[in-house]
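A.B. asks: So the chains spell out like this:
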Amino acid sequence: MTAVPTVASRPDRAGEPPRPTGPRARRPIRWSYGSGRRRDARTLIAYAFLAPAFAMFLIVMLLPIGKAVQVSFYDWLPFPGADNTFVGLDNYTRALGDPQFRLSVVNAVVYMLVTVPGQIVLGLGVALLLQNRLPGRMVFRVLFYLPVVTSWVVVSLLFRYLFATDGGLVNWVLVEGLGVVDEPIGWLDSRWTAIAALCALGIWKGIGWTAIILLAGLTGVPRELHEAAAVDGASYLRRVWHVTLPALRRTLVFVSVMLVIGSFNVFISVLLMTQGGPAGQTEVPLTYTYRETFNFLEFGYGSAVAVLMTVVVLILSIGQMMLANRAERGE
Amino acid sequence: MNRVPRRRDRLVGASLAVVTALALVGCSGGDPSSTDGELTGTITFWHAYGADSKELETLREVIIPGFEAKYPGADVEDVAVPYDQLHQKMITAAAGGDLPDVMRADIIWVPEAAKLGLLERLDTAMPDFEELAAKVFPGTLETNRYQDGYYGLPLDTNTRVLMYNADALAAAGVSEPPATFDELRELADKLAGTDIYAFADNGLSGWNVLPWIWSAGGDITDENYTKATGYLNSPESVAGVTLLFDLFQKEQMPNIVLGGTGGVPTSDGLATGKYATILDGPWMYPIFEAAHPDFELQVGPVPAGPGGSVSVVGGEDIVVFRGSRNKALALEFTRYLLSDEAQLEFAKIGQMSVLRDLDVVEVNPTYGPFVEQLKTAKPRPPVPAWPKIDDLLQRRLQAAFGGEMSVQEALDAAAEEIDALLAQG
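Chains as they are written, first to last, in the working numbering: chain A, 1 to 331; chain B, 1001 to 1425.
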C-alpha cells in the first residue's frame, strides 16, 4: 500500500487551514514574495504574456495617437529645428469650416450607408447559402473569402480598369453584353458614379469576411426553434427573420461596428481608383488629410482632421453598441 | 515532464536558427562613410526614372558604372521612386532622418526644400560652382535659387510642344497643325460632330494652362513673384484659359481635363487618333516607340496668341541633402552628372541637356522643335509655396470647367489666395 501524503503531513504547510481535497479541487501554486504578500501567480503569468502585446500597442498605436493629438494643436513641421507655433484650436475650427473637408465627410458617410448594409445583407445571404450541405461547399467558402485577402492596391487598380469609360469591362457588359445602356457611362468622371464604383469595390471586397463571421454565428442558432417554427408553418424567410436574426444579434452588432469603422477608413481604393477626383469630388477624409499633410506640409491641420475622424468613429461605435445593448435588455 | 528530443524537434530548432540568422543578416548596417578628401564609400541617389525606361537603363548601365570606374571605391546606390510619390517620400524621409545623399528633384520642389532647410547650399559648398554655373542655361540655373543662394544644379530641361496626329487632322481637312489660337478654334469647329477631340490635356494645373496664359499675353504673377492679382486675372490671362474653356464647352476637349481617371490618357488617345493634338515633352518619343510603334509622332510649336508662342519650362535639378554623410562623394557625383559624357548619354534617350554648348539637335534631330520652343519658354514661379499655388489654381479652374463659376471668377478667387501664399515667401 503506497503512502498517500496528506495535507497536514507536509512541513511547509503546517499551520495552514485545511484546503479542500478531492478529485475536483484545484490547487493554485502559491509562491510568497519578500514582503510576505502572496499573489496568485497565475494572474502574474497572465500579465507577463500580455506585456509584449501591450508594449507593442503602446509604442505603435497609443504613442503615435498621443503625438498626433499634440501636433494637432500646433502649426507643425516634423523637421529638426523647425519653428512650431502653438495655435490652439485653430486647426479644428479651420477643418470644421473647410468646404472640402465637409465634402469628404459627406462622401465617407454615403460610402458607409451603402457598403455597410450591402455587405451585411449580401454576407448574410452567402452565409445562409453556405450553411446547407452542398457538395463543394468548401470551394465556395474559399472563393467568397478570396477577395478579402487580396491586396487593396491590386484590386483598386483592377477596378479602375474595369470601370474605365472606353474599354472597361463594366461598360462593355452594359452596352454590348446586356444592351441596357446606349452610351458607355463615364463611371470615374463624375462624383456619384465614381462613388458607386468605389462602393461596388468595397462591398465586393468585404462580403467574404462578413459571410464567414456570420456563418460562425449561425452555428449558435438553436435548431429546435427553427424546427418548431417550421412545424408551425413559417416559411423560410419568416424563419430567418424571426429565429435566425434575433439569435445572430450579437454577431450582427460586432460585424456592423467593424464595418462602420472600416468604411470611414477607406483610403487606398479612393487614392488609386479616383485619386480623389474629378476635381476633388470623391475625396474622403483620409485622402484629404493625406494630401494636406504630405503634399502641402500641413502636419498640424492634417492631424486635427485625423483626430476629428477618430472622435467621429468612436462616437458611432459606442452609439451602435449602446443601441444594441438597450435593445437586448429590452427583450 | 521531460521528453527525449525527437528528430522533429531538432529539425524545428535548426530551421528556427537558420531563419533567425538570415533575418539578422538583413539588419546589417550600411558601409561606413569615408573620411573627407577620399572619394570612396556609398551614396544613395533617389530619382523618378520609370521602371523599364531607357533612362533607368542608361543610369544603371552607363552613368553609374562610369562614375564608379572613375572613382574606384565609390558606390552609388540608386533608388527609383514613382514620380507621384517622390515628393512625399522626401518629406517623410526628412522627418524620419533618412534622406538620401543626392536626389534628382523636379525643379518646382527645390525652393520649398531649400526653405525647409533640407538642402546643402551648393554655391558655397562647391569651390568650382561658378564654372559649373557658367556651363548651363541661365534659366535652368535660376530654378535652384532660394533667397541669396543656389541649392542645386540643373540636370535636364524640357518643355511642352504641340504633338499632333496627322490622320486626325486630315479628317478635319487640315494638313498643317494649328499655329495660332484662331486656327485651333477653327480645327475644333471642323471636328464638331466627329468622335475626335481637337485638343486633350489631363489637368488644369500650372503645367497645363500656363502655356496658354503666357501665349495669350498674360502672366501668373509679376516679375518678382510677389503679387498675382492684376496678372492672373488680367484680360489676357482670362483669354488664354477661355480658349480651353470654349473647347471644353464645345466638347472638343475630353473630360480628363477635370482629373477623372476613367478616360483615355493623352498619349494613348493621340496615337489612336482619338485626340487630334496634345501638349507634351521630349520624353514621349521612346514611350510612343514602345507603346505605339506604328504611330508617327509629329510636333509643332505651341499655338501662338497675342503673346507669341510661349511654353512652360520643366526639368529636374540635382540636389544634395544637408544631412548627407558623404558630402564629398555626393558633390562629386553631382559634378559628374553635369559632365559632358553624362549629359550626352542622357541626351541620347530623351533627356535634354542643360549644357549650353552641347548641341542636342546633333545627337537627336527630333529635339529641334523643343530647342526652338525653349528659347521663349518661361519657368513656373520658383517660390517655396508653388505646390500649394499649383493645387489651388487647378481646383479653381476645375470648378470653373465643371460649371460652378465663370473663368473670370475662378481666376479672381485664385489670385486672391495666391497673393496670401506669395506673401509668406
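If you're looking for bench data, these hints aren't it; they were derived computationally from the structure.
Built from N, CA and C at the ideal position, the CB exists for glycine as well.
Careful, some of the hints might be misleading.
Said to hold, decoys possible - Taking lysine-lysine and the DSBU-like style, the derived pairs with C-alpha atoms no more than 30 Å apart in a straight line are:
1) A:K67 - B:K1115
2) B:K1250 - A:K67
3) B:K1327 - B:K1070
4) B:K1190 - B:K1250
5) B:K1089 - B:K1327
6) B:K1054 - B:K1274
7) B:K1135 - B:K1378
8) B:K1070 - B:K1388
9) A:K67 - B:K1089
Unchecked claim - Per the computed footprint, the stretches of chain A lying under chain B, defined by three or more beta-carbons under 8 Å from a beta-carbon of chain B, are:
10) 74-87
11) 274-282
To be verified - Pulled from the structure, derived: some chain A residues nowhere near chain B, Cβ distances all over 12 Å:
12) V60
13) T93
14) L143
15) F163
16) S190
17) I261
A.B. asks: Each of the hints needs a verdict: does it hold here or not?
C.D. replies: Comparing the hints with the structure gives:
no.	hint	verdict
1	A:K67 - B:K1115	holds, 25 Å
2	B:K1250 - A:K67	violated, 52 Å
3	B:K1327 - B:K1070	holds, 17 Å
4	B:K1190 - B:K1250	holds, 12 Å
5	B:K1089 - B:K1327	holds, 21 Å
6	B:K1054 - B:K1274	holds, 27 Å
7	B:K1135 - B:K1378	holds, 20 Å
8	B:K1070 - B:K1388	violated, 42 Å
9	A:K67 - B:K1089	holds, 21 Å
10	74-87	holds (count 6)
11	274-282	holds (count 6)
12	V60	holds, 15 Å
13	T93	holds, 18 Å
14	L143	holds, 28 Å
15	F163	violated, 6 Å
16	S190	violated, 7 Å
17	I261	holds, 26 Å
Hints 2, 8, 15, 16, counting from the list given before, are not met by this structure.
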